[in-house]
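Protein chains in written order, with my numbering: chain A, 2 to 227; chain B, 2 to 227.
Watch out, some of these pointers could steer you wrong.
Said to hold, decoys possible - Facing chain B, a subset of chain A residues (Cβ under 7 Å, in silico):
id	residue
1	66
2	117
3	155
Said to hold, decoys possible - Computed list of lysine to any residue pairs in SDA-like fashion (alpha-carbon distance at most 25 Å, straight line):
id	chain 1	residue 1	chain 2	residue 2
4	B	76	A	21
5	A	215	B	110
6	A	215	B	215
7	A	130	A	116
8	A	215	B	89
9	B	215	B	89
10	B	76	A	17
11	A	165	B	162
12	A	76	B	215
13	B	215	A	157
14	B	165	A	72
15	B	165	A	157
16	B	165	A	34
17	B	215	B	110
18	A	76	A	34
Everything labelled a hint here was simulated from the structure, so no lab data went into it. All C-beta atoms in this analysis are idealised placements derived from N, C-alpha and C, irrespective of residue type, glycine included.
This is what each chain is made of:
Number of protein chains: 2
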Amino acid sequence: MAAEEQDLLALRRNSTLSSLVADRIERFILSGQLPAGERINEAVLAKELGVSRGPIREAARLLASQGLVEFVANKGAFVREVSRAGLLEIYDLRAVLTGHACELAARERDEGGVSALRGLHAEMSDAAKSDPALYYTLNLRFHDQLVRMASSPRLQAMIDGLVKEMHLFRQVSLSRHPDMAQSNREHNEIIEAIAMGDEASARRLGEAHVRAGKMRFETAARSTAS
Amino acid sequence: MAAEEQDLLALRRNSTLSSLVADRIERFILSGQLPAGERINEAVLAKELGVSRGPIREAARLLASQGLVEFVANKGAFVREVSRAGLLEIYDLRAVLTGHACELAARERDEGGVSALRGLHAEMSDAAKSDPALYYTLNLRFHDQLVRMASSPRLQAMIDGLVKEMHLFRQVSLSRHPDMAQSNREHNEIIEAIAMGDEASARRLGEAHVRAGKMRFETAARSTAS
DNA sequence: TCCGAATTAACTGTTGACAGTTTATTGTTG
DNA sequence: CAACAATAAACTGTCAACAGTTAATTCGGA
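Build the full structure now, drawing on both the sequences and the hints.
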């Protein structure tokens with residue numbers, strides 16, 4: 002399979018145990034198997050994964066670089082907690098950076114990229130009616146494609162990190178899009194601005210799109226206040 | 002001294018060898034003692050700093066999180082190289098993020114912070130005429146203060162990282178401000194926008210200020226082309 | 001019964017040694 | 001003399017054990 006092949010390539014290019022362990026731990030964290038705030042017990046994880054504590058520590062440091070874990074001296078590595086305020090902060094940053102990404106994408110004028118976006122948009126239109134989970138997955142791919150089209154590795158890394166951090170927020174209500182149709186209409190506007198090379202509009206629309214997500218979360222959270 | 006006291010506090014709060022080693026290595030890198038592209042020889046550094054290789058490795062991973070070094074499997078840690086294109090990329094990101102910081106600062110309406118900015122601005126006006134090195138130092142503090150006033154830890158970390166990365170660019174022509182007076186006029190405009198709580202202007206001016214720095218670099222580099 | 005000090009257990013931080021890979025060197029052949 | 005293969009050195013990746021710190025438990029006293 003393509004996915005496995007890519008895994009093997011990544012393995013060969015970066016064949017260190019630490020990175021494999023890091024991937025595993027990252028999945029543990031993002032899946033909620035390691036809850037936010039939890040300490041990462043090195044000995045237990047080492048035994049569980051069948052490796053020594055060294056790679057575990059290095060993996061934790063790697064994840065710390067992505068903002069997923071936090072080190073406290075003589076206490077160890079903890080899965081980072083993201084507060085409500087932190088989440089709003091992340092939304093703002095992601096909005097600003099996404100806007101920048103759209104501006105750069107509009108400047109690049111990558112036709113192949115634009116048609117990829119159009120394809121995803123069409124798929125999402127269907128999924129919006131029938132399959133929210135699929136919409137969610139496609140949405141991630143859409144935004145990933147968008148950011149890649151900015152061809153700015155640092156920008157991509159920053160946004161990736163922010164997206165991962167968002168998943169550390171306790172409530173998982175993020176995965177639910179209250180209004181997928183509206184969200185996808187915004188996607189379409191962004192695509193057209195990029196296709197036309199309209200940098201200013203692309204930036205404004207990209208930023209507004211994420212800000213809209215923030216506001217959707219704020220109102221949803223307000224109504225779900227415990 | 003206050004600085005030493007703060008160091009001691011940081012030491013007590015985070016009394017791990019790794020972090021101390023990381024600080025040392027970071028200074029080596031930023032001072033050019035470890036040039037960009039150079040491999041970090043763990044054994045040599047360990048001997049030099051009188052510690053084992055473990056802390057060195059962890060410190061390197063810590064620095065990797067700040068974008069200062071890069072790991073290659075089975076080859077080790079290398080001081081990251083920043084190309085001309087990379088530097089321009091960083092300038093853009095910093096511009097966008099600084100604009101955001103200014104917007105947030107304007108929203109906060111922190112009078113103490115504003116007067117701190119005004120104080121630095123006055124000092125810099127003097128330094129601009131007599132002491133470029135001092136101006137450079139004050140400029141760093143000015144931007145630091147600006148970002149702190151946004152009270153967004155993630156934003157601060159991001160910009161800090163970008164500023165550090167900029168220093169990895171080979172040519173050190175960054176430290177020279179071709180037109181300190183103009184730069185400081187821009188500072189003043191930013192301060193006033195923040196003081197008035199004019200978020201939109203603060204953002205626009207903050208972003209433009211860093212973009213101006215980028216353009217100053219571009220023209221300076223063009224004339225210094227080897 | 002509850003609070004606090006002393007003791008014990010658990011865990012992280014650090015070290016030195018071993019295994020596997022990469023790079024440099026040497027020797028060989030056309 | 002140059003190109004290539006084999007060998008040796010250097011270095012990273014991993015491991016298991018030790019030291020130091022933090023957290024939990026036990027014990028004694030009010």
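For each hint, the structure was consulted:
no.: 1; hint: 66; result: 3 Å, holds
no.: 2; hint: 117; result: 23 Å, violated
no.: 3; hint: 155; result: 6 Å, holds
no.: 4; hint: B/76 to A/21; result: 17 Å, holds
no.: 5; hint: A/215 to B/110; result: 23 Å, holds
no.: 6; hint: A/215 to B/215; result: 31 Å, violated
no.: 7; hint: A/130 to A/116; result: 22 Å, holds
no.: 8; hint: A/215 to B/89; result: 30 Å, violated
no.: 9; hint: B/215 to B/89; result: 7 Å, holds
no.: 10; hint: B/76 to A/17; result: 11 Å, holds
no.: 11; hint: A/165 to B/162; result: 19 Å, holds
no.: 12; hint: A/76 to B/215; result: 43 Å, violated
no.: 13; hint: B/215 to A/157; result: 21 Å, holds
no.: 14; hint: B/165 to A/72; result: 21 Å, holds
no.: 15; hint: B/165 to A/157; result: 18 Å, holds
no.: 16; hint: B/165 to A/34; result: 35 Å, violated
no.: 17; hint: B/215 to B/110; result: 28 Å, violated
no.: 18; hint: A/76 to A/34; result: 20 Å, holds
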